[in-house]
Amino acid sequence: MTAPSDLARLAARLSHDVGKYVARTAHNVPASRVVPEPLVDMLLKDLFELDRGRRASSVFEEGARPIEERRPDPRLVEVRALLGELDAMEADMRAHVPEALSRAVAIALEVEALLRGLAVDLERSEP
Amino acid sequence: MTGRRPKVLVVDDGDRYVELAHALLRDYDYATRCDLPGPCWTCERRPGCQLTHAHDAPEVDEALRRHRDLDVVLLDVAFDIPEARLLPSAEPDLEKRRRLQGLAILNHLRRAEKELPVVLMTSLAELELEDAASGLTADEYVTLAGTDAFDARALGLLIERVLSRRVLPSPGGAYVWGSTPAMARLRRDATTLARTSLPVLILGETGTGKSALAEQVIHVASGRPGPFLAVDLSAIPPQLAAAELFGTARGAFSGAVERTGLFAEADRGTLLLDEIGNLPPDVQRMLLLTLQTGRITRLGESASRAVDVKLLAATNADLEGAVRDGRFRPDLYARLNPSARLVIPPLRERIGDLAELLAGFVSATFHSGPDRELLASYLRTTALSGLPSASLGIGRAVETTEGVKFVISRPSLRALESHAWPGNVRELSMLAANATVFALADAVRAAEEGRAVVGEAVRTIPVPARLVRELLSASWSAERVAEPGRLPGFAPTLAAGASLREVVRDMEKQLLEHLFRLHGGDFVAMARALMTGDPEANARRVRLRFNQLGLRVRGR
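Protein chains in written order, with our numbering: chain Y, 1 to 127; chain A, 128 to 683.
Some clues are possibly wrong.
[Unchecked claim] With a cut-off of at most 25 angstroms between alpha-carbon atoms, the simulated SDA-like pairs for lysine to any residue come out as follows: (1) A:K223 <-> Y:V59; (2) Y:K45 <-> A:S250; (3) Y:K45 <-> A:K636; (4) A:K223 <-> Y:G84; (5) A:K636 <-> A:L678; (6) A:K223 <-> A:E210; (7) A:K636 <-> A:P365; (8) A:K223 <-> Y:R65; (9) A:K223 <-> Y:P38; (10) A:K223 <-> Y:D87; (11) A:K223 <-> Y:S125.
[Unchecked claim] What follows is a set of in silico ranges between Cβ atoms, one per label pair, in the way DEER data are often shown: (12) Y:R70 <-> A:E222: 18 to 26 angstroms; (13) Y:P74 <-> A:P591: 36 to 44 angstroms; (14) Y:S102 <-> A:A211: 38 to 46 angstroms.
Keep in mind the hints are simulated off the structure, nothing from the lab. Note that the structure is predicted; figures quoted are calculated from it, not measured. Glycine residues also receive a C-beta, built at the ideal position from the N, C-alpha and C atoms.
So that you can see chain Y by itself, here it is in the shape it has in the complex (with noise of 0.2 angstroms):
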């Protein structure tokens, strides 16, 4: 049996390796949301290339599933969908469609609070 700081461990490093990454250039969009040209690509990379050239859904799995197998959590389901929509989403964002980087912005800052959040209360539950 994982020990709970083990869990707390895993979920550092879920919300480093995915959270922390996918926001990177969502942190440094305008609260317009309007994504400006120069930050399109960056954004691109954050999603869809985040490590070793894996989409973020693809390592959010590898990470999340030691976690749900010994605490499930409905905040890696949401993830979980919010990452599926990005993927869907992502022939919209490779054509620059404005309204899907803009959504893509939000998922992304939405995903990292979802983490850290979980990241936080992993370790706050530790003995």
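We have chain Y; now place chain A onto it with these hints.
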């Protein structure tokens, strides 16, 4: 600071940070390995170019060799690179080595460039769960980017802060800005106002560091060649204020001697009038005249003379209220440039800066004076080499190769962050000094009695959580005084013309000096004479206050 753009070295296994920096941090130049002229983002070879930053430790070495003019390093922590490119380590877990390679690179870099500022692109929260991260220390040259790592605007401000710290005068006097938005604004406004001819009004609760801001930031940033002088107007008897500020001619009044005056002494420099609200009405009029004309007239003379002084005024009082009540001239208040006043937030409103402030105070405590001598004697006793210097580590055991490192636990840090800090950063600086001096004194005793472990391990000195708790709870309130009247032989003297604050402080000093002599320096006995409760704990409080009043006694 020179006019050139600061040069940044980005150390990252991938392109994340360098891309971000190139796209959004355009005020900086970048160290490149190709050495083509111009910043990276204007380089025509940029598309697909991989030569924009260091990807591992050997490339850091190469960058340092090629670029002797680096100003700051942005360093990632996790490096997903082949094992052969990782720095050698005894850690068997390859994954862990990769996740913390940045810290190994930091240590590696420190050996070559001891004082090059490094911004680690991580947060304390990310590091906390990594066992091996305990080697990270919060010294004055390492800054954690925290949540600013990917926010280019915040990161830019952070880099500015790091750079500003680098040009400040001395390690013992560096102004710690922290990272709160209010302090970032304060820094920008202070350095802007410093370069103008306008007076500067500095507001803030007691102990927030108004004088430090004036001397270490505004005077330095002003670039004025003259001296920095400060005067606490609450400590000057009202009848002497004019003479102190403007000078006197011999015979100006009964007993008057030739006196230059602070305005003339501060010519071409900076003069801080602390507690400006205490200025007597007639001197307010004289100050107003000086601000209007740029000239002063010594008491007893009719001819005026020109002075070139950057005037700073500070107070923790309600100056606007004093104007409304008629105690402060409205025309003088208007001349002090109140619309651009600088307000230093209390420590409780910038508690996120506490760890950084604490590290700065620990370093400053042992920068000079008797505390440095005590540290030097410790190094001698324990046969450690190197100069006496101190830094602060937070968390588990940390290693250092020079000076000593004081370590406080995370629960202690949390306790400090939960404290209200009515005395603000001054209170924190006193706590930092007392906690580390007490811990050092215990370490010295252990070494002298042969109880200390020999070798490099004694470079790490833990600050006990109990000591931190005691210092936090130390206060000097009347209800703790036990049986007043049992103080034989105590006959205090009062200085004529002193303010109430001075009288109280002076009485306190005389009382403690009297008890110190009476009890032969036995703090436990002094505590018994003064307070009820645990004499050992009270002895620490008495000793703390003893130190706070400048009555320092080292040793046992």
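Just pull the numbers of the violated hints for me, sorted ascending. 3, 4, 9 and 10
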